[in-house]
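2 protein chains.
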Amino acid sequence: MSRIEDVAKKAGVSIATVSRVINNSGNVSEKTKMKVWKAIKELNYKPKILASALARHKEKFYVGICKSNRLIKMEKEKTSPEFYSVILEALEEVGKTYGIKFEKMDIQKPEKCDGYILVGGDSTKEIINFYRELEKPFLLLDHYIPGEKIDCIVTNGYDGAYFVTNYLIKKGFKKIYHIHGPLYSYGFKSRFEGYRNAMEDANLIPRFFEYDDVNDNMSEVINSIDIPEAIFASNDITAMRIIRELRKRNIRVPEDVSVIGFDDILSAKDFDPPLTTLKVFKDEMGSLAAKRIYELLVGHDVHPILISLFTKFIKRKSSI
Amino acid sequence: MSRIEDVAKKAGVSIATVSRVINNSGNVSEKTKMKVWKAIKELNYKPKILASALARHKEKFYVGICKSNRLIKMEKEKTSPEFYSVILEALEEVGKTYGIKFEKMDIQKPEKCDGYILVGGDSTKEIINFYRELEKPFLLLDHYIPGEKIDCIVTNGYDGAYFVTNYLIKKGFKKIYHIHGPLYSYGFKSRFEGYRNAMEDANLIPRFFEYDDVNDNMSEVINSIDIPEAIFASNDITAMRIIRELRKRNIRVPEDVSVIGFDDILSAKDFDPPLTTLKVFKDEMGSLAAKRIYELLVGHDVHPILISLFTKFIKRKSSI
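Quick note, the sequences are listed as chains A and B, same order.
Residue numbering for the first sequence follows the working numbering, beginning at 19 and increasing consecutively.
Residue numbering for the second sequence follows the working numbering, beginning at 19 and increasing consecutively.
These are calculated hints, taken from the structure and not from any lab test.
One should not assume that every hint holds.
Identical copies go unnamed one by one, so any copy, or any two together, can satisfy a pair.
[Unchecked claim] Under the rule of at most 30 Å between Cα atoms (straight-line distance), these lysine-lysine pairs were calculated in the DSSO-like manner:
no. : residue 1 : residue 2
1   : K193      : K266
2   : K114      : K188
3   : K94       : K114
4   : K154      : K49
5   : K189      : K59
6   : K78       : K114
7   : K192      : K130
8   : K287      : K91
9   : K287      : K330
10  : K207      : K188
11  : K56       : K94
12  : K78       : K28
13  : K130      : K193
14  : K143      : K188
15  : K122      : K192
16  : K330      : K114
17  : K192      : K207
18  : K94       : K207
19  : K53       : K127
20  : K207      : K193
21  : K333      : K154
22  : K207      : K189
These figures come from a predicted structure and were not determined experimentally.
Please put together the full structure from these sequences, using the hints given.
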């Protein structure tokens, strides 16, 4: 059976280079990779990626969980407590299986760690640059900043919004509003774009309205729009407020207007009427984050990627 | 040391459910997962994800590589031969380390396999539905169809386009054109959106022009536009044709107009002038595809995801 040394010799490169090619960890030119793969093929060498990963598995890693300021504020105000707690529970539990111990810390003053996970949708470029300078692996959990090329794990809001807008179009609706949160948040922006593209692809006019659930008044929003056939809200909280305001005006949901939310928070199921929505897979996000930071820690497949989880459409009674 | 049986008993669920929670494979409610994790924590049970993956690693999987019709046509015409061959070389070599044997087959009439990889940017919803009915794991390589929730591996065209448009804006340019391929292709569409959003975010007017490199004439395109300060083309081939047409008109690149491509094909480096572009990480795509189909085959982290690889900006002489 061939050994890694034979491959290195045949390809005319170092053992370290062969290892980098096998583990996809570091700068190796395509030409060199091709040479290494050719040698691997000719010698019928069988590298064991998982075996080496398992060997390293005994190592203990120490990773900081750094919550964004907005998230800490939200937790204090209990506006969205179950969302991130589910993600972080999964992260910590699955992390253990990879030999990772997590510790919560201040995003502005992190302790020395092997790596970091920045949690929440409002980390800025300044924070990113600060973490870049620490020269340790890190990733964004539930956030993405275009053009920064940082590993991140997000929900595919674009896809879910595109899907559900098409669903409403197929029901025969033409006048479909989108009421969305502030577009500086990647989550809201991607849902907005999924809605807009689905409408444009169907030659329908996108009609949208920004609503900040912290500062704005839903009654004013509803007063200012023509009541449409359907409303897709960019989160469940907003959808619930829309339904309450419509009812005050004796507009029936879903008989007169179909209303759909996003997130599938725990209270969506028990709302009256139960809310049609797109389920966000919170614990899968945590689990993928644990796996991804582990890969970055051991230097496997380190080229930066965005991992985006598809949502699931949950049909309940707030829409026809 | 605790065993999986103890966890199952304490959580009041079956061993199979505990296993599904640990491996993230299958439908388990969040509530049940929480119970299982709580039991794992209290019993200090240490599951070995990687160990079980390694055990299964001895299995031989047989996976079909199904090239799209457009890709097969391109290969015959040798319009883009080195691009997909690099991806597939990496896929096959890394696949071996996971115990996967790949076989190329007709996308319309695939043989019986454990799973399938559909390669290329033009697989339709009809093809997707056909593969769905086979009830075997499959993924799209270099393609994504919004709203279909299929596992896929793509290049992050949005991110690269957003980055490079900002780069040109920071250079002081205001009149920046985007000449793009047909927008039914996800690759071109996402680059287009990255360009458009970057321009809009900087309060600049997006100016774009569709150019199909198979059917259109670049001379006519250049005749029909006001010559701008910079042109961002949605692939390298298009950028090269733009540069040739500008030169025929005695317009200098980069002195009069900066031109930037996308892909970093082999000939980009040796073009005159050498082409500034965004590098697509072809072998990393192949490697990630091998890993992802393996995960789907063994039932680990099966919730469908989109994996999107960030590009790298390569500054050469076709732009200032």
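(request) Evaluate K189 and K59 at a C-alpha cut-off of 30 Å and name the case that applies: within, between, both or neither. (result) Answer is neither: 54 Å inside a copy and 47 Å across each miss the 30 Å cutoff.
(message) At most 30 Å between CA atoms: does that hold for K193 and K266 within a copy, between copies, both, or neither?
(response) within (21 Å within a copy, 50 Å between copies)
(message) As a check of your reading, is K94 near K207 (CA-CA no more than 30 Å) within one copy, between copies, both or neither?
(response) within (25 Å within a copy, 41 Å between copies)
(request) Since the copies are identical, ignore which copy is meant and state whether K207 and K188 lie within 30 Å (CA to CA) inside a copy, between copies, both or neither. (result) both (24 Å within a copy, 23 Å between copies)
(message) Within, between, both or neither: how does the pair K94, K114 come out at a Cα-Cα threshold of 30 Å?
(response) within (27 Å within a copy, 50 Å between copies)
(request) Can you give me the call for K207 and K189, within, between, both or neither, at a CA distance of at most 30 Å? (result) both (25 Å within a copy, 27 Å between copies)
(request) Check K192 against K207 for me: Cα-Cα at most 30 Å, and say if that holds within a copy, between copies, both or neither. (result) Result: close both inside a copy and across copies, 22 Å intra and 24 Å inter.
(request) Measure nothing new, just compare the shortest in-copy and cross-copy C-alpha distances for K78 and K114 to 30 Å and report within, between, both or neither. (result) For K78 and K114, the Cα distance is within 30 Å both inside one copy (9 Å) and across copies (29 Å).
(message) I want to check one pair: K333 and K154. Are their C-alpha atoms no more than 30 Å apart within a copy, between two copies, both, or neither?
(response) between (43 Å within a copy, 26 Å between copies)
(request) Classify it for me, K53 with K127: is the Cα-Cα distance of at most 30 Å met within a copy, between copies, both or neither? (result) Close neither inside one copy (45 Å) nor across copies (34 Å); limit 30 Å.
(request) Tell me, please, which holds for K154 and K49 at an alpha-carbon limit of 30 Å: within, between, both or neither? (result) For K154 and K49, the Cα distance is within 30 Å only inside one copy (29 Å; across copies 34 Å).
(request) Using 30 Å as the alpha carbon limit, work out where K287 and K91 are close: within a copy, between copies, both or neither. (result) within (26 Å within a copy, 50 Å between copies)
When the structure is compared with the earlier hints, violations turn up for hints 2, 5, 7, 13, 15, 19 and for no others.
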